Structures are given as structure tokens and as C-alpha cells.
Amino acid sequence: MHQKEINTDMPFLSIKDLKVEYKSDGQIVHAVNDVSLQLERGKTLGLVGETGAGKTTIAKSILRILPDVGSHIANGEIYLEGENLLKLSETDMRKIRGNKVSMIFQDPMTALNPVLRVGDQIAEVVSLHSDSNNRAEHEKRAKEMLEIVGIPAERYYSYPHQFSGGMKQRVVIAIALACNPDLLLADEPTTALDVTIQAQVLDLIAELRNKYNTAMLLITHDMGVVAQVCDTVAVIYAGSIIEYGTKQQIFKHPSHPYTIGLFGAIPDMNEDEEWLHPIDGLPPDPTNLPQGCSFAPRCKFATDACRKEPISMNKTQDGHDCRCCRIEAVMKGED
Amino acid sequence: MLKYVLKRLIWMIPIVLGVAILVFIMMTFCPGKPEEIILGPSATETELAAKRLELGLDDPIVLRLGRYMSDVFIHFDLGKSWLTNVDITSSIKERLPRTLMLTITTLLISVGIGIPLGVIAAIKQNKWQDSLCMVLALIGVAIPNFWLALLLVLQFSVKLNWLPALGIGTGLAGIKYYILPAISGSTGGLASCARQTRSAMLDVIRADYITTARSKGVPERDVIMKHALKNSLIPIITVMGTMFGHFLGGAMIIETIFAIPGMGTYIIGAVNSRDYPIVQGGSIFLAITFSFCMLIVDLLYALVDPRIKAQYASGRKKRKVKANA
Numbered sequence: 001m002h003q004k005e006i007n008t009d010m011p012f013l014s015i016k017d018l019k020v021e022y023k024s025d026g027q028i029v030h031a032v033n034d035v036s037l038q039l040e041r042g043k044t045l046g047l048v049g050e051t052g053a054g055k056t057t058i059a060k061s062i063l064r065i066l067p068d069v070g071s072h073i074a075n076g077e078i079y080l081e082g083e084n085l086l087k088l089s090e091t092d093m094r095k096i097r098g099n100k101v102s103m104i105f106q107d108p109m110t111a112l113n114p115v116l117r118v119g120d121q122i123a124e125v126v127s128l129h130s131d132s133n134n135r136a137e138h139e140k141r142a143k144e145m146l147e148i149v150g151i152p153a154e155r156y157y158s159y160p161h162q163f164s165g166g167m168k169q170r171v172v173i174a175i176a177l178a179c180n181p182d183l184l185l186a187d188e189p190t191t192a193l194d195v196t197i198q199a200q201v202l203d204l205i206a207e208l209r210n211k212y213n214t215a216m217l218l219i220t221h222d223m224g225v226v227a228q229v230c231d232t233v234a235v236i237y238a239g240s241i242i243e244y245g246t247k248q249q250i251f252k253h254p255s256h257p258y259t260i261g262l263f264g265a266i267p268d269m270n271e272d273e274e275w276l277h278p279i280d281g282l283p284p285d286p287t288n289l290p291q292g293c294s295f296a297p298r299c300k301f302a303t304d305a306c307r308k309e310p311i312s313m314n315k316t317q318d319g320h321d322c323r324c325c326r327i328e329a330v331m332k333g334e335d
Numbered sequence: 336m337l338k339y340v341l342k343r344l345i346w347m348i349p350i351v352l353g354v355a356i357l358v359f360i361m362m363t364f365c366p367g368k369p370e371e372i373i374l375g376p377s378a379t380e381t382e383l384a385a386k387r388l389e390l391g392l393d394d395p396i397v398l399r400l401g402r403y404m405s406d407v408f409i410h411f412d413l414g415k416s417w418l419t420n421v422d423i424t425s426s427i428k429e430r431l432p433r434t435l436m437l438t439i440t441t442l443l444i445s446v447g448i449g450i451p452l453g454v455i456a457a458i459k460q461n462k463w464q465d466s467l468c469m470v471l472a473l474i475g476v477a478i479p480n481f482w483l484a485l486l487l488v489l490q491f492s493v494k495l496n497w498l499p500a501l502g503i504g505t506g507l508a509g510i511k512y513y514i515l516p517a518i519s520g521s522t523g524g525l526a527s528c529a530r531q532t533r534s535a536m537l538d539v540i541r542a543d544y545i546t547t548a549r550s551k552g553v554p555e556r557d558v559i560m561k562h563a564l565k566n567s568l569i570p571i572i573t574v575m576g577t578m579f580g581h582f583l584g585g586a587m588i589i590e591t592i593f594a595i596p597g598m599g600t601y602i603i604g605a606v607n608s609r610d611y612p613i614v615q616g617g618s619i620f621l622a623i624t625f626s627f628c629m630l631i632v633d634l635l636y637a638l639v640d641p642r643i644k645a646q647y648a649s650g651r652k653k654r655k656v657k658a659n660a
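Protein chains in written order, with my numbering: chain A, 1 to 335; chain B, 336 to 660.
Keep in mind that the hints were calculated from the coordinates and are not lab data. Keep in mind the model is a prediction, meaning the values are calculated, not measured. Hints may contain errors.
As the list claims (entries may be wrong) - Sample of chain B residues facing chain A (criterion: CB under 7 Å; computed from the structure): (1) 402; (2) 543; (3) 544; (4) 546; (5) 547; (6) 549; (7) 550; (8) 556; (9) 565; (10) 566; (11) 570; (12) 573; (13) 640; (14) 641.
Said to hold, decoys possible - Calculated lysine to aspartate or glutamate pairs in the DMTMM-like style (CA-CA distance at most 25 Å, straight line): (15) 252(A) x 285(A); (16) 561(B) x 90(A); (17) 459(B) x 131(A); (18) 23(A) x 465(B); (19) 561(B) x 131(A); (20) 100(A) x 555(B); (21) 87(A) x 555(B); (22) 247(A) x 154(A); (23) 16(A) x 83(A); (24) 100(A) x 382(B).
Glycine included, every Cβ here is placed at the ideal spot set by N, Cα and C.
Isolated chain B (complex conformation):
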């Protein structure tokens, strides 16, 4: 098991390198000149040339890429913002926890409501409860995040004055700043979680071992919670992993609407001002975060299904059920 985790961690290195190179090249081919944005429209030609020289923008792309990669992966230095001259690593240290807080809250809401909705829909298949849950799921997918965000702010911040409309707070009281953003961001994931849970549960509750459980006299609630749900969790966990990535990306919109100084607003601002080092550094950190999340997903599989755990331990790739006759 430990060997498996180690192997996965080593695999993360080429992934992060790949992301770094890709983002670097994409930013280079991005239209718009950073020096013009940094110095403003009044800058003279000589000032612009001096800035280009200072940022090394006149060097060939291979040289710049090599310099950047050695800075990041050998000296572990993401550099400074071209615009504000603030150290990027310390900015990310400050901002990443906020984005994680937002993303995890969003995930918890999606899963915490999505799974029960899916379970209810499955056990009441073709009854009105099922239809209700699936209509809610459909609405969840169809509703645009930014629109829901504005409606929620209007109702709960402006009219009722229960929750703050934007910004962040400190300490425990800071949690309430994440409630509206997380709800707005969760609807799509919540809906796909509910649908996935429903279909996985429907597969499982027809299985023979569920009949076995009933024939043992297991109460219906335990049949569902103990015997069926655990078997349905594999596809649900898969959805959770992709949802997490989706929420990380979605955080850009949600953070902008709610003015949360997280990774999303950081990267969006940097893209607008062509602040290449921030976009590159931010992307690398998001890639690492997502890779860790995927590793956690794979470890959760092993926790839920002993067959997958056995497969990790033996180091086999293909899923073969072992029978020692």
C-alpha cells in the first residue's frame, strides 16, 4: 500500500512538469504585451524596451523556458509578480487555503445532499419521490452558478441580512463567508452526484447479496445503508474526484462574484494583466492540488473495496479477482 502511494507521488512529478511547460508556452503565445500593461499607455518606446530587457522577454523561448524551469524546480522559486513585485509563493500560501476552503465546502454540500437524494430516488424508484429528486437534479445542472449566486446574495444578504455578500472573514466566524459561495458553486456537482448515486444504487439493490441480507432478517434501513450504499460508493467517489477538479476551476467565477481573494481571482487578475509568473505558478499549484485529490480518491477506493486494495498491494494494474481454490 505504501509502495503504491510512493509510486503515485513519483508519477506526480512528470504531471506537474508537463503542466508547467504547457502553461508557459500557452502564456508566451497569448496576445497582448506584458510590458505595455505594466507601464501603461503613456510609456515611451525606450522605457518599453528597457522593461522587456529586464523581464527577459527578448530572449528565445527555449532559453526563457529553461530559466523558468530551473528557477521553479531546482531553486523552488516561483518568482515575483511583474506588476506588483510581490513574492508569488507567499501570495499563494495566503490564497490557496481560501480556495481549498471554498472547494471543500462546495464538495461537502454536493455530496452531503447529493448522496441522500440519490439514495431516496433509488429506493423509491418510479414513485413521486424519485421524480422529485430527479427534477431537482435537472434544475441543479441547468441553473447557471453566477445567476444563482446573485439571487442568493439578493435574498440572504440584501433582504434578510443573514450572511455577508462578499469578502472573507477570519477565524471561525470566517466560515459564514463561504456559505453562499459554496451553495452557488455546488448545484451542478450536487445534481451529478445525485444521479450517479441513484444509478449505482439501482444496480446494487438488485444484486443477490442484497436478497441474502434481507433473508438474514437485516432491517431495511441497514440493508440500504450498510449493504447497498457501500457497494455503490465506487462510482460515486469517481464522480467526487472529477467534481473536485470542476469546483477548483469553478472557483474562478465564484471567487470573482463574491470577491474572495483566493487562487481564482489571483489567476484571473494575472491573466488580464499578462502577469505570466503568477498564471504559471498558480497553475502549477492547482495541478499539484488536483493530483493530490486524485490520489486521495484512489486511496478511498481501496478503503471501500477490499478487492481494489488487494490489487494495489499486489501491484497489478488489471482488475482480476483472485480465487485461491
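If we strip away everything but chain A, and leave its shape as in the complex, we get:
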């Protein structure tokens, strides 16, 4: 075994100042900028933000499965049980992937290999992280996993094209959970599914997590899912966390103008509103982020101070973090 520096004071998962860049056509895309996060065993952290905000990149950085070409972790540390994953050798990292940390992908239609039997795809992850070489045992475990996610074991021999979208997502979940991971990275696990199946899949994940006390990083842009599943929430905008707190804090007292805008864009069943309140404008170009607050160009509270230099995390009244220098003004609703 490799040397471990286990620090018991550290949280289960801790990301510090993570910075990820992509190079594209000679320009640098600032996908993730100084993100710091913490997650305890058995808890769920929701990463919320719009498409392209860098949520998936954070998850892939943890597993170190960013595409080889052009992507690069420029800075930061990712500690899992006190061990810096970014410093591990590729061989040691491979032992963690799919075993201690596993990932559920966004699009079940493309996440499974079309030419391999679904059962074999589950058995593969089992055999990779098992001490025994007994194929029958791995197959048995794969069949067990199929049953757990609600697919009859005899479908082991089917190919992905013989499954519906919801069933494929169940297979993806079975692969992710086959080795009882300590940390589950769920990248919009329900986005590609219709609403009835969404609820089933979320229930399934919750049930399995409770059983094995698995921590989960849930990536989503669906506030409803966050409300249902998460303990803490990090709101991401243009690759940075702009608001970070418990679910209650964020939902009761959203403090960043962007988060407030996100909630404004959800229809409220109790009020008779004709129009939603979308946030005006578009996210900034990640190759050319604003110097100051990245949300300033769209923010009606922005002052010259906001545009001048990067904003640090500030504490709100109820004690959660918010990357805004005009929290009081925002709370009072002054322009």
C-alpha cells in the first residue's frame, strides 16, 4: 500500500482553491476558479448553476478524468480522507475510481458502451476492484446490483440498445454503486429522464445511500431536486462558488443577487404570476472573465467597487458564505 497521511481533523472530502483551465484555439478557458468545498460522510452537497458554470469539471477533477487534450488543473488540492488525490500516482488513482469514488453520468443514452452487455459492464467494475479472480462471483454481484436497481437479473445478457432511457440510467447507477463507494458524484442524474422516472431514480439513489452511508456531490440546475435531496448547497457562477451554506440558509435567505435571481426564475404555485423573472443577460465569456465580480455585468446592485477587483467571501446575517460586497444593500432591495 502507498503511504497515507491521514489527517483525522479534516473533513471527508475537502477541495481547496481548485482551478481548472482548458486550452482552446490558443485561448485559456477559465472553467473553475478557486473553488473550495467540504463534504462530510453520508451528507449531500448540491452544486447548483447553469450549463457551462463548471460543475461537471469539478466532479471530473475529483476523479481526475478530465479530457487529456487541453485540460489542466492549474492549482488546488483535493483531499479525500486527508489524502491529496491530485498527488496520487495514476495506478493508485485507478484503485479509487469506481471503488471509493464513483460517478453517475448525465446522459444515460451515451454513458454505456453500446457493444458490451450491460451485465458485463457492471461486472467489469466489480472485477477491477475485487481481490478474487472468480468471474462467476463478479457476475453474481452484477446480477445482484441489477436486482437492486429494479432490473430483472436475466437482463444481464442484454445490450444497452435493448433498454429504455430510465433503465439505462439504472444500469449507470448500478455501475456507480456496485463497489459501495464512499463518495458518489452524481452529475445531473435525472436531467435526461422524464419526470416520473426522475422521482424513482432520486428515491433509488437516496435509498442506496442511506444503506451504505455514502456521501454525495449532486450536480444539478434543478432547485426542486436540491430541496428534496441536499444538506448543503453551493451555487456556482462562471466557475466560482458565489454562495455556500446549508439548504435551509440558501432557501430561506438567498443573499447573492444571482441566487435570488435563480429563485425568481422558478414559478411559484401560491402566487398568481403571469411572468417569470429571468435574469437578464448571459454568463460571461469564460476566456475573458470580468476583473471584478463575474456577475456584476448582469447585477442591478453592482457599483464601481464590484467591477474593480475580485470579491471575497463574506458572511451573511445567518452565517453562510456569499461572494458579494453589497449584501446589506441587496437585503434591503436598494439599487
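Starting from the known structure of chain A, fit chain B onto it as the hints suggest.
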């Protein structure tokens, strides 16, 4: 599946008939008189007329075609060579295995080197290994077969005396006679195989399921060999099928250079001496060989991709992915 194979075999009949008719008509309109070539320049007018009568060359073309088709497809008799009077079917039986041996060796070299080159180029995309492989592929396409053949003979037969320069051998030792011809004939196919593999692999290694495989902790070598390559094989197999046809045709040149008594030299010689039955019979056999090769290609698709297998089994033509929700 068996039904599919049977259907394909039945489809082969019109193809072979078509080839037979086409080649027959083409040979009829070919300039040059067979009787003059058979009897030589000293033959008299009466001798020529007698030969024409014997070969039936004065009959109308429809009658000759009908007679030929009934001989071939009802009596399964390809006839005899006009020049040597040797039975064509037995000549082909003797020669076809040599051409197949040459073609298959050529194919194996192309695929055996082309696929690894393409895989290396794809996984090292935009690095020096990629450039090297693609430059080799470019050279492979550009190099003329006959020129390479002569260079190889000069080096390995004349200077080093490792391999025979021409002819054929018997038994296991006969294999070495095919090495130089197969290498000379393979460069073009090898290059297109490498290019096709590279582009297919580049498509596949960006796919989501490759990320899934990595996230499971699959070692990089298995990600490429087990997950990516199998998905890239469909376009590669397609190229292999057309390559096989190309090599069958190319065998005419290679066999001539290396003096291999196969189908290529047989047909070339017959074209030169206007020995119509040999050209026709040889073409029919090459058409059958190529049709079988295409059938094998289609069966290989099913072996590689379960979606195509399902489609064969259900007998549907269009590729529709079935989702039983």
C-alpha cells in the same frame, strides 16, 4: 441470422449472372480476332474461317451468349481454353488458391500493421507519434506497387538472398514465396486502414462511455483495446472489405511481377491472347469470391455490433435502435 445468410446467398445469383453477361459482351466488342491469334500470322483465309466456325464466332451474339450461359449455369461447364484446349475449371481450381493466399496475406499485413498504426496515431493525437504514423500512411498511398516490388526483390532476393524473387513453392515452405508479393501489394491498403482506424478511434475516444470506463478505474490499455477499439471496428471492417476487392484486382500486377501462376496472370494472359472463355470464367470466379468476402464483412459487423445483429435477425433494412420502454 441463418435466414439472413440464406437471403444473401440467393442475392449472389443475379450478381454473378450480371457479371457473366457483362464480361461476355465486353469481350465480344473487344478489338482483335481470336482466330488470328490462335492460328498465328501464317494462317490462310480458309483455316481462319474453319476456326471461326469451330468456335462459333460467326453466330449472332444473342445465340452465343445463350449457349455460354446454358453451358456455365446449367451444365456448370466453363469450357476449354481456345488456345491450349485445357479445361478452364480445373485450371481455376489450381490457380484460385494461390491468388487467395496472396490476397489474404496482403490483407493480413495491411490490417495487422494498419490498425496498430492508426490506434497509436489516435491516442497520441497531434504528437510526434501521430505525425510519424500519418507520414508513413501518406508514403504508403503514394508508393507505386510495382516499384516497391522491384526494390524489395533487389534488396531481399538479389542482395541478401533471404527470399525467392519469383515463382511459387509447395507446402509450408511455399509461404515464403508470398512474403515479398504481399508486402508490395499491401502498402496502399495498409495506409487507408491506418487512416480509417485513426479517425474512427478519434471519434470513439471522445465518447461518454469511454469516460465512464475511465471512471470505473479501467486501466488505460483496456480502455483503448476493450472499450474503444471494438466500437471503432465497423468503419475499419468496411475498409477491409473494399480493400480485399482492391487486392484481388491488384493481384494481376503483383502476380505478373513475381511470376505467380494465379488468377491474375491467368486472366491477363487470356486477355492478351483473346482467349474469351478464360476471361469470362475467371471473372465469374472473382465475382463469386468478392461476393463471399462481402458477405463475411456483413457477418463480421454483426459479430462486432449487437445492434446490427438485432437488425439482421429482425430483417429490417433501416438501422433503428429498438427501445422497449
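Structure-based check of all given hints:
no. : hint            : result
1   : 402             : 51 Å, violated
2   : 543             : 4 Å, holds
3   : 544             : 4 Å, holds
4   : 546             : 6 Å, holds
5   : 547             : 5 Å, holds
6   : 549             : 5 Å, holds
7   : 550             : 5 Å, holds
8   : 556             : 11 Å, violated
9   : 565             : 5 Å, holds
10  : 566             : 6 Å, holds
11  : 570             : 14 Å, violated
12  : 573             : 16 Å, violated
13  : 640             : 6 Å, holds
14  : 641             : 4 Å, holds
15  : 252(A) x 285(A) : 31 Å, violated
16  : 561(B) x 90(A)  : 19 Å, holds
17  : 459(B) x 131(A) : 33 Å, violated
18  : 23(A) x 465(B)  : 20 Å, holds
19  : 561(B) x 131(A) : 21 Å, holds
20  : 100(A) x 555(B) : 19 Å, holds
21  : 87(A) x 555(B)  : 19 Å, holds
22  : 247(A) x 154(A) : 41 Å, violated
23  : 16(A) x 83(A)   : 13 Å, holds
24  : 100(A) x 382(B) : 93 Å, violated
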